[in-house]
Amino acid sequence: MSVAFGTIVELGEMLRSRQISSVELTRECLQRLERYGPQLNSVVTLMPQRALAAAAQADRDLAAGTDRGPLHGIPYGAKDLLAAVGAPTTWGAAPYKTQHFSYDAEVVARLERAGAVLVGKLAMIELAGGMGYNQADATFTGPCKTPWNLNYWSGGSSSGSGASVASGLVPFAIGSETDGSIMNPSAYCGDTGLRPTYGRVSRFGAMPLSWTLDKLGPLCRSALDAGLVLNAIAGHDDKDFASVQIPVEQPDVGTTSRRWRMATVEGTGQKLQAEVARNFERSLEVLGALGTISHAMLPKFPYDAMVGAVIAAEAASSFRDIIQDGRVQELRDPSDRIGGYSYLVVYAVDYVDAMRQRAALRSSFAKLFTDVDVLVAPTFSTVAPPIDIPFDKAYPGTDDGALITACNLVGVPAISVPNGIGAHGLPTGLMFVGRPFAETDLVQIASAYQARTSHHLEHPSRFMM
Amino acid sequence: MSTRRFFLSYALSAAGLLTSVSRGVARPPGGATPTPNPTASSATAPSPLAKELATSLQRGLPNAKLSEAITAKIASDIQDGFAINKAFTNVDNKNLPPPDFVFSADNEHRP
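Each protein sequence line maps, in turn, to chains P and R. Okay, so the first sequence: first residue is 1 according to our numbering, each after it adds one. Okay, so the second sequence: first residue is 1 according to our numbering, each after it adds one.
No lab work stands behind these hints, which were simulated from the structure alone. Predicted model, so just to flag it, every value in this text is computed and none were measured. Cβ atoms here follow ideal geometry from the backbone N, Cα and C, with glycine treated the same way. Take the hints with a grain of salt, since some may be wrong.
Simulated crosslink set (DSS-like; lysine-lysine; CA at most 27 Å straight-line) [stated by the list, open to error]:
(1) P:K271 <-> P:K300
(2) R:K65 <-> P:K300
(3) P:K97 <-> R:K65
(4) P:K271 <-> P:K393
(5) R:K94 <-> P:K393
(6) P:K367 <-> R:K94
(7) P:K367 <-> P:K300
(8) R:K86 <-> R:K51
(9) P:K300 <-> R:K51
(10) P:K97 <-> P:K239
Cβ pair distances, simulated, as ranges [to be verified]:
(11) P:Q250 <-> R:R110: 29 to 37 Å
(12) P:A94 <-> R:F101: 17 to 25 Å
(13) P:P38 <-> R:S67: 31 to 39 Å
(14) R:S47 <-> P:R259: 50 to 58 Å
Example chain R residues on the side facing chain P (calculated, C-beta under 7 Å, incomplete) [to be verified]:
(15) I74
(16) I84
(17) F88
(18) N90
I would like the entire structure built from these sequences, with the hints used as guidance.
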C-alpha cells in the first residue's frame, strides 16, 4: 500500500506496528505538499516546524504507551479559514494575506488533543465564496485544480482540502460548508466528504461567513475515516453559540445488517450529464442490495431566494468593514469585488422572512424523514468545470437542483462518496443525506456502499509516484 | 452553489420577463453564496431605484472609492437582488413560524 494514499485506519495500523513513525509520515506529507501543491494550487502555507514537533511528540507518546486514538500521529491539512498558531490565516483573500491569530481554532485544538498533526493550511476560494464568485480563479493562490485533470477545477470553496486529499498530499483535511463547499470539492476530486449537522462542530476560530449556515467537516478517503475525524472534532463548545451537546455514536461499520430505507429525490435526477446519470443508476443498483429505494418529493420552498437573503445579510455584516472601506475590491474575482455592495441593501424583512421559511422547512424535512432513513442523489449534476471558463458557461443545460441548498438551509448532514468516472476522466459523486445528528447513519451506509465498490480506492495516476 | 443569478434567471424566465437566460443554466458550483455576476447582470437593465441605491452607496461610502463603472455594475447587481425580494413579496406568511433567532437578556442564561 502506498503511504501517500493510505486511509487513517491503514496508517494508524502502520504507526502502531512501528512500520512507520509519525515523523516519517509527516515528512512524506510535507514533501508531497511541497512538490505537488504548486501544481494544484492547493496549498497556502506549510507548517513544517509545528508539524514535525507534533509528530515527534506523537511518536514519543506512542512509545510510552499513550495512544490518543485513531488520529494519533496522522497528518492533516486545514482549510485556510481556520485559525492556527504559527501560520497566517488568509481566508483565501488578498486583504487578509498577512492576518495572524494568536490561538488555534477549536477544531484544530481538538485534533491536536486527538494526536493529529497539522502540516499546513490549504487553499480556498476567497472568503469562502461569500461575495459571489463565478470562476475558478477566485483566490489569491490561483485556481485550484482537481488532480484528475489539471485543466479542470477542484471545486470549492474548500478547494485545497479536496485536491490535497485526492492527490495523496494529506490523509485528511478539514473544510467548511455554507452552501455546498464540502460536497463540491469532494465530488469534483473524488473524496469522501462529510458535512456535519449544523451545530455539531464548533466554529470557534473559523472565518464567519454566515452564522446560521456555516459548518465544518472532514474530507477523507473513506466514510469510516470521515466518521473517525468527526468523532474527534464534534462536541459542545461554549465558544460557539450554535454548538449542541449531542454525543456522536461510534458507527457500527461492516457488521450491521440494517435494511436501509432510502429515497431518491424527485427532480434531482434530471438535467445531469450522461455519465453522472449512468454512474448514479449504477450506484442505485448497488444500494438496492442494502434496502428499499423509494422516491421523495423535496418540499416546495423558494430555496435560492432564502439562501440568497440569508447569505447576503449575514456576509454583509461579517465583511462590512472591507466592503465599506473598499478593500473588497482587492479580491480576485470581478464578481467578488462588487457583490458585497448589493448585499448592503438587502431588505431586512426579506432576511427575516427567509429565516421564517427555514423554520417551516425544518418541519417539512422532519416529515420527509418519517419514512426514510437517508436521501440519495448525485452530489452534483456534472463533473468539474474547466478552470478557464466562467462556471455558468461551462455546462449549459445542466442543473444541480435544490437539494444541497435545501439541506444547508435546514442544517441536516450529508456525505459525498465517489461513484465513478465521468466526462474528461473526472470523478462523479454520490450523496447521502440524513436526519439531523444522524451522521452515524451516513457513515454506515456510505461504508456499506464503499465495501461493495472500489471507486474510493482509485487515485489520479499523475500523483501516484 | 446557490446563486442569485440562477434564481434570477429562473424567476424571470418563469415569469416570461427574461428570455435570454436559460432556465437550465448551470448553477455556479461550490460557492457558498448567491453569485452576482456582472456579465449576467448586463441582461438586466437596472431600474431607476437600483441606480439610485448604487449611487447612494457611492456617495455614502467615500472610502470605498467606487468608480462610475463599478457603481453601474453594483446597480445591475442590486437589480438582480430585487428578485429575492420579489420571491417573498405577496407570499402569505401568516402561518409561518417566527424566525429562529435566539436572543437572551444576559450571557448566563443563553439557551
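- prompt: Is it true that the CA of K86 of chain R sits at most 27 Å from the CA of K51 of chain R?
  reply: This hinted pair holds, its Cα atoms lying about 18 Å apart.
message: K367 of chain P and K94 of chain R were given as a pair; does the straight-line alpha-carbon distance stay at or below 27 Å?
response: 21 Å, holds
Hint validity - N90 of chain R Cβ closer than 7 Å to any chain P Cβ: 12 Å, violated
- prompt: Holds or violated: K271 of chain P with K393 of chain P, Cα cutoff 27 Å?
  reply: 15 Å, holds
message: I74 of chain R was flagged as interface toward chain P. Is the shortest Cβ-Cβ separation under 7 Å?
response: 4 Å, holds
- request: Could you see if the CB distance from A94 of chain P to F101 of chain R stays within 17 to 25 Å?
  value: 33 Å, violated
- prompt: Between K94 of chain R and K393 of chain P, does the CA-CA distance stay at or below 27 Å?
  reply: Between K94 of chain R and K393 of chain P the Cα gap is close to 40 Å, so the pair fails against 27 Å, i.e. violated.
- prompt: Do the Cβ positions of S47 of chain R and R259 of chain P conform to the proposed distance bound of 50 to 58 Å?
  reply: Holds: the Cβ-Cβ distance is about 56 Å, inside 50 to 58 Å.
- request: Compare the distance between the alpha carbons of K65 of chain R and K300 of chain P with 27 Å, and conclude whether the hinted pair is satisfied.
  value: Violated: K65 of chain R and K300 of chain P sit about 42 Å apart, past 27 Å.
- prompt: Going straight from one Cα to the other, do K367 of chain P and K300 of chain P come out at no more than 27 Å?
  reply: 13 Å, holds
field: Assessment of proposed distance window 29 to 37 Å (beta carbons of Q250 of chain P, R110 of chain R)
entry: 30 Å, holds
- prompt: Should the hint that P38 of chain P and S67 of chain R are 31 to 39 Å apart at their CB atoms be regarded as holding?
  reply: The hint (31 to 39 Å, Cβ to Cβ) holds, given that P38 of chain P and S67 of chain R are roughly 35 Å apart.
Figure legend: structure checked against the earlier numbered hints; hints not met, in rising order: 2, 5, 9, 12 and 18.
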